[in-house]
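Student: Listed below are the residues making up each chain.
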Amino acid sequence: DAGITQSPRHKVTETGTPVTLRCHQTENHRYMYWYRQDPGHGLRLIHYSYGVKDTDKGEVSDGYSVSRSKTEDFLLTLESATSSQTSVYFCAISGTGVGNTIYFGEGSWLTVV
Amino acid sequence: GEDVEQSLFLSVREGDSSVINCTYTDSSSTYLYWYKQEPGAGLQLLTYIFSNMDMKQDQRLTVLLNKKDKHLSLRIADTQTGDSAIYFCAESANAGGTSYGKLTFGQGTILTVHP
Chain A
273 DAGITQSPRH KVTETGTPVT LRCHQTENHR YMYWYRQDPG HGLRLIHYSY
323 GVKDTDKGEV SDGYSVSRSK TEDFLLTLES ATSSQTSVYF CAISGTGVGN
373 TIYFGEGSWL TVV
Chain B
8 GEDVEQSLFL SVREGDSSVI NCTYTDSSST YLYWYKQEPG AGLQLLTYIF
58 SNMDMKQDQR LTVLLNKKDK HLSLRIADTQ TGDSAIYFCA ESANAGGTSY
108 GKLTFGQGTI LTVHP
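Chains as they are written, first to last, in the numbering used here: chain A, 273 to 385; chain B, 8 to 122.
To be clear, the hints were calculated from the coordinates, so they are not data collected in a lab. All values derive from a computational prediction rather than experimental measurement. You can trust all of the hints, since none of them are fake.
Straight-line distance between alpha carbons at most 30 Å, and here's what the computed DSSO-like set of lysine-lysine pairs gives:
| # | chain 1 | residue 1 | chain 2 | residue 2 |
| --- | --- | --- | --- | --- |
| 1 | A | K283 | A | K342 |
| 2 | B | K77 | A | K329 |
| 3 | B | K63 | B | K77 |
| 4 | B | K75 | B | K43 |
| 5 | A | K329 | A | K342 |
| 6 | A | K325 | A | K342 |
| 7 | A | K283 | B | K43 |
| 8 | B | K74 | B | K43 |
| 9 | A | K329 | B | K43 |
If you want the ones that stay clear, here's a sample from chain B, every Cβ over 12 Å from chain A, calculated:
| # | residue |
| --- | --- |
| 10 | L17 |
| 11 | S18 |
| 12 | V19 |
| 13 | R20 |
| 14 | D23 |
| 15 | S24 |
| 16 | D61 |
| 17 | R67 |
| 18 | T69 |
| 19 | K74 |
| 20 | K77 |
| 21 | R82 |
| 22 | Q87 |
| 23 | P122 |
Interface residues of chain A toward chain B, partial, derived using beta-carbon atoms under 7 Å:
| # | residue |
| --- | --- |
| 24 | G312 |
| 25 | G314 |
| 26 | L315 |
| 27 | F376 |
| 28 | G377 |
| 29 | E378 |
| 30 | G379 |
Beta carbons: idealized from backbone N, C-alpha and C, even for Gly.
With these hints in hand, go ahead and build the complete structure from the sequences.
Tutor: This is the structure:
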């Protein structure tokens with residue numbers, strides 16, 4: 273298994289509260305990504321990072337922010353959680369190769385009530 | 008924008024072959040992937056194919072790519088109950104820069120294997 277750890281794995285939070293999900297990698301890969309998975313939509317890209325302090329928006333970035341202060345950590349923050357952000361969040365990493373170097377974490381289940 | 012479509016369900020009998028189909032719209036797609044997801048788990052990369060190939064075989068898995076029709080298929084030979092899972096097709100455009108993990112996914116195909 274690729275060295276990707278997501279935390280927390282499960283969280284229930286109330287509408288309007290801030291939430292931070294953490295992705296930690298031990299592979300020293302340059303690229304890190306946050307996706308969300310919802311029924312009928314597959315996985316959709318939220319934000320990604322191509323280096324320390326270098327981040328950019330994906331397809332569904334509204335309501336989310338990210339930070340990457342170290343190569344190994346990529347944080348996803350919901351500043352004020354809404355029920356529409358109830359989802360499963362996956363972190364992914366990739367090196368400078370292609371294809372078989374794209375690995376996913378085990379997911380973080382977030383419920384906003 | 009890019010779009011990737013898959014049929015939602017497939018049911019097969021154990022020992023038969025399974026064929027999961029995927030269509031995509033982005034003609035600049037460079038790499039196409041198949042991922043497997045078991046309940047409560049993350050995504051496991053099964054195989055991938057470069058757009059300049061039309062077939063790739065890896066043990067029980069065969070990937071066929073028809074670039075003209077933008078159609079990708081995954082064939083699983085001798086399907087087992089352990090193959091029951093959701094299978095995602097994904098595509099990535101461009102060969103360099105920050106595009107390696109910027110994947111566009113299909114909705115996923117739920118494969119059910121009956122004994």
